[in-house]
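Peer 1: Chains H and R supply the protein sequences, listed in that same order. Numbering of the first sequence is given in the numbering used here, commencing with residue 421 and proceeding in unit increments. Numbering of the second sequence is given in the numbering used here, commencing with residue 83 and proceeding in unit increments.
Quick caveat, the hints were computed from the structure, so don't treat them as lab data. A portion of the hints provided could be inaccurate.
Straight-line alpha carbon distances no greater than 25 Å define the calculated BS3-like cross-link-like pairs of lysine-lysine that follow [what the hints assert, rightly or not]:
| no. | chain 1 | residue 1 | chain 2 | residue 2 |
| --- | --- | --- | --- | --- |
| 1 | R | Lys400 | H | Lys562 |
| 2 | H | Lys514 | R | Lys469 |
| 3 | R | Lys279 | H | Lys440 |
| 4 | R | Lys599 | R | Lys373 |
| 5 | R | Lys274 | H | Lys562 |
Taking beta-carbon pairs under 10 Å as the criterion, some of the chain H residues facing chain R (in silico) [unchecked claim]:
| no. | residue |
| --- | --- |
| 6 | Gly443 |
| 7 | Leu446 |
| 8 | Val474 |
| 9 | Thr484 |
| 10 | Phe485 |
| 11 | Phe489 |
| 12 | Gly504 |
| 13 | Ala506 |
| 14 | Cys547 |
| 15 | Ala550 |
| 16 | Met554 |
Pairwise CB distance ranges, derived in the manner of DEER restraints [unchecked claim]:
| no. | chain 1 | residue 1 | chain 2 | residue 2 | range |
| --- | --- | --- | --- | --- | --- |
| 17 | R | Ala432 | H | Gly528 | 16 to 26 Å |
| 18 | R | Lys400 | H | Asp434 | 54 to 64 Å |
| 19 | R | Asp532 | H | Gly528 | 52 to 62 Å |
| 20 | H | Thr484 | R | Met153 | 40 to 50 Å |
| 21 | H | Met534 | R | Pro194 | 40 to 50 Å |
| 22 | R | Pro194 | H | Ser477 | 27 to 37 Å |
| 23 | R | Gly468 | H | Gln574 | 35 to 45 Å |
| 24 | H | Asp434 | R | Gly354 | 48 to 58 Å |
A virtual CB, placed ideally from N, CA and C, is assigned to each residue, including glycine.
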Amino acid sequence: MSMDLDAHRPALDDIINREKAKGGALIPVLHQAQELYGYLPKELQDYIAEGLGVPQSTVFGVVTFYSFFTTKPRGRHRIGLCLGTACYVRGNTKNLERLSHELGVNAGESTPDMRYSLEVCRCIGLCSQAPAIMVGKSVHSKVQPDQVADILSQYE
Amino acid sequence: MTIEELERIRTEARQILAERGERFLPDGELKPPRPGEVRVVLRNCGQIDPKRIEEYIAKEGYFALHKILNMTPEQVIDETKRSGLRGRGGAGFPAGQKWFFARQALASRPAPADGAPPAYLICNGDEGDPGAFMDRAVLEGDPHSVLEGMAIAAYAMGATQGYVYVRAEYPVAVEHLQTALPQARRLGLLGKNIFGKGFDFDVDIRIGAGAFVCGEETALIDSIEGRRGEPRPRPPFPAVSGLWGRPTSVNNVETLANVPQIFLKGADWFAGMGTEKSKGTKTFAIAGKVKNAGLIEVPMGITMREIIYDIGGGILNKKEFKAAQTGGPLGGCLPAKYLDTPIDFESLVAAGSLMGSGGLIVLDENDCMVDVARFFMDFTQDESCGKCPPCWLGTKRLLEILTRITRAEGTEKDLETLEYLTQNISTASLCALGQGSVNPVVTTMRHFRDEYEAHVRDKFCSSGVCKGMFHYEILADTCNGCGACRLKCPDKVIKGAKKAVHEIDQANCIVCGDCYKACKFAAIAIRPRPTPKSKLPECG
Chain H
421 MSMDLDAHRP ALDDIINREK AKGGALIPVL HQAQELYGYL PKELQDYIAE
471 GLGVPQSTVF GVVTFYSFFT TKPRGRHRIG LCLGTACYVR GNTKNLERLS
521 HELGVNAGES TPDMRYSLEV CRCIGLCSQA PAIMVGKSVH SKVQPDQVAD
571 ILSQYE
Chain R
83 MTIEELERIR TEARQILAER GERFLPDGEL KPPRPGEVRV VLRNCGQIDP
133 KRIEEYIAKE GYFALHKILN MTPEQVIDET KRSGLRGRGG AGFPAGQKWF
183 FARQALASRP APADGAPPAY LICNGDEGDP GAFMDRAVLE GDPHSVLEGM
233 AIAAYAMGAT QGYVYVRAEY PVAVEHLQTA LPQARRLGLL GKNIFGKGFD
283 FDVDIRIGAG AFVCGEETAL IDSIEGRRGE PRPRPPFPAV SGLWGRPTSV
333 NNVETLANVP QIFLKGADWF AGMGTEKSKG TKTFAIAGKV KNAGLIEVPM
383 GITMREIIYD IGGGILNKKE FKAAQTGGPL GGCLPAKYLD TPIDFESLVA
433 AGSLMGSGGL IVLDENDCMV DVARFFMDFT QDESCGKCPP CWLGTKRLLE
483 ILTRITRAEG TEKDLETLEY LTQNISTASL CALGQGSVNP VVTTMRHFRD
533 EYEAHVRDKF CSSGVCKGMF HYEILADTCN GCGACRLKCP DKVIKGAKKA
583 VHEIDQANCI VCGDCYKACK FAAIAIRPRP TPKSKLPECG
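Could you put the whole structure together from the sequences, leaning on the hints where they help?
Peer 2: Written out as structure tokens, the structure is:
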């Protein structure tokens with residue numbers, strides 16, 4: 421996988437230099453780097469390791485440990501389907517099947533045109549509005565399978 | 083900041099609140115209190131604008147902090163002990179005791195030579211239990227109450243630096259905290275020499291990255307230090323050697339939000355609520371098959387029946403209550419016989435479950451208990467940090483067995499293996515995640531053994547959840563031929579004339595369940611298949 425590190429290099433250097441002085445800088449830096457680039461490929465991880473003076477293995481270990489970090493590029497719209505307990509018992513697996521069918525991808529994958537990526541998440545705290553789906557930062561609550569296509573069409 | 087200035091801000095802000103006259107937020111997921119509720123932690127949520135510190139001050143905000151700065155740290159600890167406040171994160175450890183241990187450890191050690199903070203206070207906002215969202219509600223709706231609680235706790239234990247560790251899944255909570263911190267600093271309620279009493283305390287935010295295990299305090303400390311979150315053996319407890327090796331107290335959001343109220347209204351007021359050993363109130367997030375899902379706050383010692391039926395409005399769609407799942411993935415499923423047990427830390431543990439963070443998911447007759455156990459095992463096996471083999475290998479094996487049973491491939495030997503494994507995993511794991519991971523299996527096997535047996539012996543799932551282990555039949559003596567099921571059936575396999583008994587063409591039915599949901603006369607029943615259809619095993 422190759423990527424263009426230069427796209428945001430000044431901003432990235434700023435982040436590294438700002439956080440470096442504080443203890444436990446790695447996770448905040450990874451958060452902000454992922455915000456900039458959208459994902460954390462090997463080249464970016466190595467650059468951060470170099471900048472913070474920590475082993476590449478440590479960076480890789482942290483990136484792979486936490487589910488929020490991704491090493492694969494994501495679509496423009498991140499669909500987070502909640503499979504927390506309340507959403508599960510209220511039937512969100514049916515919505516997942518429908519989403520997967522509509523988009524032609526499985527959970528954890530992105531559509532070839534990079535419009536959507538489909539992810540399953542564990543409880544987004546919307547239990548009283550179950551079953552819930554998040555697209556980007558917007559919340560769709562009490563979703564029924566028949567509404568799925570309509571929701572998707574709202575995001576270009 | 084002086085007390086006079088704080089009083090002046092309070093007077094002005096009260097004026098603004100009086101003019102506004104109503105709740106800041108219209109009724110959303112946090113409804114106005116229902117009969118039987120007592121709001122302490124949630125008192126300001128929805129009432130005030132969480133982005134304006136003045137509105138918090140109008141509600142007596144930061145007055146408790148001023149009050150305790152005129153007391154000694156020892157007095158603050160004693161008062162907290164006397165109130166009986168216990169940790170709301172799940173384990174229920176007495177908060178005052180925790181601060182006492184940290185203070186004791188701090189006194190016995192020299193201060194760091196490089197001027198680093200001598201001790202830390204961490205607010206645990208890594209609310210990972212699926213089904214619990216009270217910490218999100220408090221952080222979003224009343225962030226200053228948590229910050230004030232943190233400052234009081236820090237003064238008691240001797241910390242000068244605090245961290246709020248919040249989940250990345252809660253962007254609004256993070257945003258509101260990021261707004262609250264500079265406001266408190268600007269008014270001198272955080273920072274150096276607070277209220278001119280020589281007490282320094284500041285707070286930083288750390289955002290989690292999606293690891294359930296980081297709710298465990300030692301893993302959380304690892305995560306703040308920038309590493310993979312893997313629990314450490316205790317002792318040494320964080321109170322002795324925590325963040326960067328210094329005395330540290332890790333307290334839950336809800337615990338800390340209680341603290342200012344305890345000092346405003348007094349320890350006796352707080353201790354006057356609840357049961358003998360569990361004082362105060364507890365927030366519960368009721369969800370699942372219940373009419374009024376949402377967040378509630380009730381005195382400890384209330385029964386599950388009162389929560390589910392009186393406050394929650396009962397079960398959805400007139401179905402039968404089957405179980406309440408409390409304590410999240412490390413808790414258990416409690417059947418109807420526990421409905422009248424008073425809820426407190428001890429009684430839930432005695433029943434094989436946990437208070438946990440207060441998630442309460444109501445399950446009805448259409449929830450399969452084996453599948454629920456499989457669901458939780460899928461969660462814990464995914465979230466096991468990988469440190470202790472009994473946990474990361476054991477949960478994987480449990481998941482495989484439970485998956486097999488829900489696919490009609492289970493045997494009676496599997497039930498024995500489940501029992502054997504659960505005992506070993508809970509004994510041999512280091513942290514609460516491994517030890518508690520087996521609770522959903524243990525409690526469902528204890529209380530719903532018949533369902534497990536029906537799954538392995540008769541390959542029958544009586545709840546109609548496990549695919550291939552049941553089918554639907556129309557009951558000839560109940561069906562009135564209304565035709566609702568026939569119209570709803572996506573594959574048109576239901577036949578029957580109007581006002582005549584209908585019938586499902588079993589050979590072509592895909593068992594989607596639409597007819598079962600459509601029938602208003604309970605004329606469609608879940609029955610064993612004549613020949614159970616097992617799925618082919620998956621490769622790998």
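Peer 1: State the violated hints by number, sorted upward, taking the hints as numbered earlier in the document.
Peer 2: Hints 2, 3, 5, 17 and 19 not satisfied by this model.
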